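Just need the whole structure built from these sequences, with the hints factored in.
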Amino acid sequence: MTKFTESKCDVLIVGAGPAGLMAARMLAQFVAYKPDLKVRIIDKRSTKVYNGQADGLQCRTIESFKNLGIADRILSEANDMCTINLYNPVDGVLKRTDRIPDTLPGISRYHQVVLHQGRIERHVIDSIDKVSGGRIKVERPIIPESLEIDESKVDDPDAYPITVKLRYMGEEESTPRQFGHGTENGLFRSNLQSQEEEDAHYQLPEGCEAGQIETVHAKYVIGCDGGHSWVRRTLGIDMVGEQTDYIWGVLDAVPASNFPDIRGRCAIHSENDGSIMIIPREEGLVRFYIQMADRAEQGCRVDRSKFTPETIINQAKRIFKPYYFDITELDWFTAYHIGQRVAPTFSRHERAFIAGDACHTHSPKAGQGMNTSMMDTYNLGWKLGLVLTGRANRNLLKTYESERQPFAQALIDFDHKFSRLFSGRPAKDVADEMGVNMDEFKNVFFKGNKFASGTAINYDPSVIVSKGPKSLGDAKLAANIEIGTRLQSAQVCRHSEGLPMDIQDLLVTNGAFRILLFAGDVTNAAQMARVHKFAEYLDSEGSVVSRYTPADRKRDFAIEVLTVHANSRDDVEMHDFPKALYPKFDYNKVYADCESWHKGHGHAHDSYGISTADGALIVVRPDGYVAMVASIDDTAALDEYFGAFLRQPTPNLGASTEVEWTKVETK
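By the count of full-length UniProt numbering, the sequence shown reaches residue 667 at its end, each step adding exactly one.
Since the hints were derived computationally from the structure, they do not count as laboratory data.
Quantities reported herein were computed from a predicted structural model and do not represent experimental measurements.
Hints are not guaranteed to be accurate.
Straight line, CA to CA, 30 Å or less: simulated DSS-like cross-link-like pairs of lysine-lysine [to be verified]:
#1 K321 x K398
#2 K153 x K321
#3 K321 x K137
#4 K153 x K130
Have a look at the derived ranges for each label pair, beta carbon to beta carbon [what the hints assert, rightly or not]:
#5 I100 x E151: 33 to 39 Å
#6 K317 x D606: 50 to 56 Å
#7 G284 x S305: 24 to 30 Å
Ideal Cβ placement from N, Cα and C applies to all residues, glycine included.
Encoded structure:
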């Protein structure tokens, strides 16, 4: 007899890949704040992750992981990539023609690294469990079978307008297969996977049984269920784009070869046999993307079952000539058909969302699949969390699509050009119009590195990005900061003990906005007076900190204020600053843009183009993107900016009641 149950939840995440896990991690911090917030993440697969899949982490993704507190663990296991080697035919012989940096110098503190997706997901899952206090667990194997939205309720913030029917799957049905092969052949499951992990085995949630039907009433649904997304199709959202006729094989293997850069990242164009990209992996593995000789027929699905490890290896041998190539150990293989598609919309009624491969698919060679997927829900998660906890209005959710869909379209356009240049035959001479010009390929590859790194994203004007003709504040006060981009890091010294720190590391991902007060030269009495006046505003009942912070929370809960002055720690004391800038004697709030003993001077004011005579206010969103630049005196701009989307809690924190200390004169 079939078991039927019914439940409610605030957010139902469908799919526990990178996008789904990032969504759960971003929401975990809000569950910690509001324990009755119900967030669920389901997946149809009986095991956590398989081998292969995505494995490259770009700079911006690592920066985000750092702010989530998990980057150090990932970097300790990952393989850092430094150089890209370009190989092309020279007089008919394959030779190295150039070397370029894998990550453009200066765009980030981090370089691109590679690590097995299973290990990345393991660290995210551990973080979800820790931050949520064990309240969010991946539930498997569960599959959604119907989804309905009651449009009459979508504008009611307290309603549960989405009804989803779930079915709990049996073990055989939920066992993943590749090209008709089960996991037992050892090619689909990675040898890097930790077998003792409890979630690597079939196990239904406690109290549930195979075949059970559950009706879930949800406030929000996030579809993170891959390129063949059930959620997207059920919502009636079509993908727009095209397939190429290029087919690529992929190997994760330990190579045996006399190729000079077999353990380096390479882009290889042979004269007539196709191309290869090499990605060095951890634990001695190397990933090979190998262009197959077969071409797909227009409009037809590729029969991937005919691509065996042997056929892929033999094609690689032809491309590598005159070098010898074979493998001593095969961890995994696959084949794929290059296509670029993007959804025109990422949501329905700002209630049901799609993210990751569910709304954009492209070739894997630019290292964007996992990164873009996680950055989608990194963007959505904090917005949804603020709305669900009553801290923001629902108009905030419109910015998910307005920010991520244009970026996805730009990614598809980039991948369309890049994949064709990579898959094309090298031009034999300047008159060969059918061939690929290798100088053009190098130029696109080099310029594309910044785009691929994730550091070039620039969000358009919106309720949370104040720029353009109708912007608040004054962008000229921070001439080197581009509003709508992530705040690039600069070194400062914590005033209390002189410890050099990166500003990005201060932007912990916890749902809070930041106001960075670049105070400038506070030895100037007039400038310090402006700082004191700003502090009086912060302490007042009408300030954005007082109005938007719940009465039972610390003053930095919703909007944290960090001060950076441009003086030596010998020229100004921390207690010269007003108490509003470090309430409760919090010594993590005031920083000096000065010389450090061991790491030199960070020159943060200069780096951001901020005058030490004027200073500036920099508003940074919870995801690290710059929202507004304003004068220290322009508190009205802060009021208007935050008032456009934040909600005042009842009761709020109100004016500061802390007692002023007696200033001690020092000689």
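Quiz item: Is K321 close enough to K398, meaning Cα to Cα at most 30 Å?
Solution: Violated - the C-alpha atoms of K398 and K321 are around 53 Å apart, more than 30 Å.
Quiz item: Does the hinted range 24 to 30 Å hold for G284 and S305 at CB?
Solution: Holds, at about 29 Å.
Exercise. For I100 and E151, compare the CB-CB distance with the range 33 to 39 Å and indicate the outcome.
Key: Violated - the Cβ-Cβ distance for I100 and E151, about 52 Å, lies outside 33 to 39 Å.
Self-check item: Holds or violated: K153 to K321, with C-alpha atoms at most 30 Å apart
Solution: violated (64 Å)
Quiz item: Is K153 within 30 Å of K130, Cα to Cα?
Solution: violated (34 Å)
Quiz item: Lying within 50 to 56 Å: is that true of the beta-carbon distance K317 to D606?
Solution: holds (54 Å)
Quiz item: For the pair supplied as a hint, K321 and K137, is the alpha-carbon distance within the 30 Å limit?
Solution: violated (49 Å)
Hints 1, 2, 3, 4 and 5 from the list above are not met by this structure, while the remaining hints are.
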